[in-house]
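Can you build the whole structure from these sequences, using the hints too?
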Amino acid sequence: MVSRVRVWLNRTYAENVFFMDQLRRNPSDRAVEIHATHGDPDSPVLAAADTAELEPEGLSPAAYVEYALAQCERRGIDVFVPRLHQAAIVAHRAEFAAVGTALLAPPPEAVAVFHDKVIAYEAVQAIGVPVPPWWRVRCADELLAAVEALEARGHRACFKPASGAGGVGFRVITRAPFALAQLSGFPSPYVPLGQVLEALRQADEPVDWLVMPRLEQPEVSVDCLTGPDNRIRLAVGRTKNGRRRGFTLHEQWLEPARRIAEGFGLHHLSNIQFRMLGDRPVLMDVNTRPAGGLHQLSLCGVNAPWAAVRLALGEDPGEMVPPFLGQDYTVVSGPRPLLPVSSPQLRAELPAAAPALGAVPAPAAPVEPRTATGARS
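In my numbering, the protein residues as written are 3 to 379.
Hints are not guaranteed to be accurate.
Claimed, not checked - Pairwise CB distance ranges (calculated): (1) Arg27 to Leu340: 46 to 52 angstroms; (2) Pro63 to Gly244: 34 to 40 angstroms; (3) Leu340 to Tyr69: 22 to 28 angstroms; (4) Val4 to Ala65: 32 to 38 angstroms; (5) Gly316 to Arg27: 18 to 24 angstroms; (6) Ser30 to Glu68: 32 to 38 angstroms; (7) Pro43 to Glu257: 41 to 47 angstroms; (8) Gly320 to Arg95: 20 to 26 angstroms; (9) Pro337 to Glu55: 22 to 28 angstroms; (10) Arg76 to His252: 44 to 50 angstroms; (11) Val120 to Glu218: 20 to 26 angstroms; (12) Gln204 to Gly171: 16 to 22 angstroms; (13) Gln204 to Ser165: 18 to 24 angstroms; (14) Glu200 to Met278: 31 to 37 angstroms.
Note that these hints are calculated values from the structure, not bench results. Given the structure is predicted, the values throughout are model-derived calculations rather than measurements. Ideal placement from N, C-alpha and C gives every residue a C-beta, glycine not left out.
Next up, the structure:
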């Protein structure tokens, strides 16, 4: 009888409840048990897991590695998918292997290259992958010089942290003064240049920003599965143009993504994002972890999370080509269960007693994004 696989996801994104659903519905019909940890007791990944725990707060990266090793040994984890403190964790791959745990993450050298966006841009440019013009800025004078250089080329400037994930800290520079129009509707990413310069001049410490042109849609996010032999097993592009989403296997997106994933050894799951600069695709960002939207490849008949777990266990899934490309779709929100509230003043409002946090039942019915064509607000 084939033994069950025990997988741990640490402090991951809420959308990875779908990653967990796909592991359970794997085409090998293999039993999978999922352990989840998080700092937020209301994260839906805790309720979606078979077992769950709250993570201790305030641990240094080194202390977190010790905590993670103890979790893996105590829980009998076969595959660990680290997001929080990924760089520190992958540096101790041999110690995790010694307790029987495989890391579903790239080697430390690859993680280090793409932790800093400036180092990443320099590295990928050296292997022939186009990148946008960029400036690293730490003060008001450097920001102003970068903005003026971009505007002289006909671009609108934007900035984001040199190190960071997702869209955190992304802003677009505007010359328009702050006005009442910016207080209507939803908050905007646009910030007046004068206010940003003043904030920098008043700051007690320098910033570390990457300034570049505002890139145009479509955005194409290529999900890659790469083996420890540096060979791609799967590469599929997910397109985004406003609300409309879709899929692509066009080589203008996949070829540079393969070059990056194979050239830098982005083992297991990575996500490589491109946008348009004029009439050509350029690199926007590289994530050395599974993308939150990875589960959307299920619309192409692909279970990427399970293929990645198999690869981490040494079971090579071979080269994977989607049997079809799913229709265009949009992403809508849906309900997911949470753990019962543990706050004493709210417990009286609960209809039933809460189960122990370490033995959380999986939800009865998963919620997937629905597909739609031609969706408009």
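| request: If any of the earlier hints don't hold here, list their numbers in rising order. | output: When the structure is compared with the hints, only number 1 turns out to be violated.
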